[in-house]
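Trainee: If you want the building blocks of each chain, they are given just below.
Number of protein chains: 2
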Amino acid sequence: MADSERFSYEGLFSKNSTVVAPGAALRPKYDFAVAYPDPETLPLDGLASSLKNALDRDGKDLAYYPNSAGLPSLRRLVAEKLGRDRNMTVGEDDVVLTSGSGEAIGMLIQALTDPGDVVLTEEFFYLGTMRQMRRFGTDVVGVKCDYEGIIPQELEATLERQAGLGKKVKYLYTIPCFQNPLGWTMTLERRKQVLEITRRHGIPVFEDDCYVDLRFEGEDVTSFHSLDDTGSVIYVGSFSKILAPGMRMGYMVAPPEVIQRAMSFKAGGGVNQFAALAIEEYLKDNMYQHIEEENRALVVKRDAMIASLGENFGSAATWLVPQGGLYVWVEMPEGTDLAAFQEQSFREGVGFYNGTMFSPEGRGANLARLCFGHPPAETVYEGVAEWARILDRNGLLRG
Amino acid sequence: MADSERFSYEGLFSKNSTVVAPGAALRPKYDFAVAYPDPETLPLDGLASSLKNALDRDGKDLAYYPNSAGLPSLRRLVAEKLGRDRNMTVGEDDVVLTSGSGEAIGMLIQALTDPGDVVLTEEFFYLGTMRQMRRFGTDVVGVKCDYEGIIPQELEATLERQAGLGKKVKYLYTIPCFQNPLGWTMTLERRKQVLEITRRHGIPVFEDDCYVDLRFEGEDVTSFHSLDDTGSVIYVGSFSKILAPGMRMGYMVAPPEVIQRAMSFKAGGGVNQFAALAIEEYLKDNMYQHIEEENRALVVKRDAMIASLGENFGSAATWLVPQGGLYVWVEMPEGTDLAAFQEQSFREGVGFYNGTMFSPEGRGANLARLCFGHPPAETVYEGVAEWARILDRNGLLRG
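Those protein sequence lines, which keep their order, are chains P and C.
Reminder that position 373 of the first sequence reads as 373 in our numbering, one-by-one numbering, no gaps.
Reminder that position 126 of the second sequence reads as 126 in our numbering, one-by-one numbering, no gaps.
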């Protein structure tokens, strides 16, 4: 067909639309870029037989359009879990199921921010959330952290700076457990200090607790949500890490007035009922046993990564040994440009994301997040060694 | 807790947010309001065993984040089906899977319209789509139809009127097969005439073919998409009607430049992989056999509704006997106010949606859509009789 015959969409697209190519993440031989969970402990047989049971009992309900907040029995299970594990006093009506926590986060971003509004985050944080914030025009400002979490004085100073600029801060987004990518868990004392400050300034805390179940050692710290009895904490969680991202099941917990606003941005109706039925039926009897089994597999991979870092990087890098989660945050000497090297490393077989991708200011080219959840432990071990060789070959390893 | 201690979200919500209460549709004793499919022919055992097979083969892929366009093998199956059934020449890369067709429709609305933009539709059309259009500020203009579809002269006149007002029309949305709620299928001649007009005016056709598989009798009419070789037709379809709404699986087919814009409004990542695996595995071997079985069940229900309308309404109403789909469009005498009576009818046990809900101009209070897909045939029969009794009791039945 001649080009002239082709229909032109010029002038038809909305101002708000951008160009996003569909597709899947690249998967190099050693994939440390994406925080996938362990595929071997995925309870496929358990999910399949649970689904069968749930369909025998409730399958005909699939012919209805699902409740827009999601399957009530799964929301109840989420509320009970959060009561037991996160000391939260919530019921099924406080919970909305979403397509991964990503949908919940997107709905809340849209409910709480207009383009140009300021939100605060940890100085490095999950790039998917940062992309969503920017997609909706948010002005993202990072707050300095140490290994105990957000530094209260820095939070206070940032809030005052924004007030001085005449800017209203809409919320503080935090990943307090196994912070992604930093790996630490915010201490109880810090949580209390942060909450005292945000409440005094009239801004809500947006707590993203996606990784909390993946604890290998050490003590849990209670949720921000449990420390607040005023309704100022909005909470999101996910089954992507304790089951699988492909199950696309996350949730938000928020006061009714926030849920009602967020629902105006829910797309595609209530969450997938077929998956929700399988998850509820499986987890109601097997949740903690499965989490334990998964963590037993993950800790071996973490140890393999830490061992290989020690053997292959020596003093050329430093890292925090995380007590859980799916990644190690590696710091190379100031001036090491991992940002420029990232694409080549993917091509040479080792995938990672450099620090600038997690920083609102684009800082951190000498930092990298290495995810250990998906490959077998031996592959994790080999891959880190291979990464050291590639870095060395390219003059980036200085011991 | 004292009210004064409660955190206030005042001033924190975005301008764009509205208040939407989560929940499920009301279900009166006789529910003719919502277009649910038949629950009895839902292939629950087939889906469960297909899922088992698919998980045995590909289950570990659930540990990855799904391709944002959806499971490639299911996109391939959709492309092949559309080739066979709708004469469309498309491949898997032209298909994006979505959470029901509702998500696809929402993405396309956002990609193609800014607030205040005009779109054209049939004079009565699916209220869920109208709500989504209005949610994003679209100015929806209905075009007059007869039993053959959109009237070409009316379309031409409407386009000229809008041009006279200095308005750019962004697209024509149509449900050409078993039009929801009108029930007719647009003739081939009309499709050709409509397409000639839209192409001449440089506007795309947005073809919603959700009901096409539910044909009980008569001949299929080929898709708008197959009549166009310029890329001016955007197509959406769904598995909600041939499987179940709870499976939340729909799709869009569009030129690459449209898909890339629409993807910027995809929320929650790629579509649920767990459900996609089950659907692909089940439908690849059982699609047509299942559709036939479902249609055998549905036609009995349609006949029960038509029989009961004849026996209980006589000359007090008129209706088109649809050759497929899930609803009958009933017209009562001019002046009958079914809009005012709808809520009371729900309360008295018979749910229906009146015409004003499907009309951009809010016309059609004397019209009603009655859906027959979900209840057993006897219940459909009884429910229509009960509706006649309720109408009569309320002075609304004039034979």
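Don't take each hint at face value.
All copies of an identical chain are treated as equivalent in the list; a pair is satisfied when it fits inside any one copy or across any two copies.
[What the hints assert, rightly or not] Below 30 angstroms or equal to it, Euclidean Cα-Cα: the simulated DSS-like pairs (lysine-lysine) are:
(1) K60 - K192
(2) K284 - K81
(3) K284 - K60
(4) K144 - K29
None of these hints come from the bench; they were simulated from the model.
Trainee: Does each hint hold? Answer for all of them.
Mentor: Status of the hints after comparison with the structure:
{"no.": "1", "hint": "K60 - K192", "verdict": "neither (47 angstroms within a copy, 40 angstroms between copies)"}
{"no.": "2", "hint": "K284 - K81", "verdict": "within (10 angstroms within a copy, 38 angstroms between copies)"}
{"no.": "3", "hint": "K284 - K60", "verdict": "both (21 angstroms within a copy, 22 angstroms between copies)"}
{"no.": "4", "hint": "K144 - K29", "verdict": "neither (34 angstroms within a copy, 59 angstroms between copies)"}
Of the hints listed earlier, those the structure fails to meet are numbers 1, 4, in rising order.
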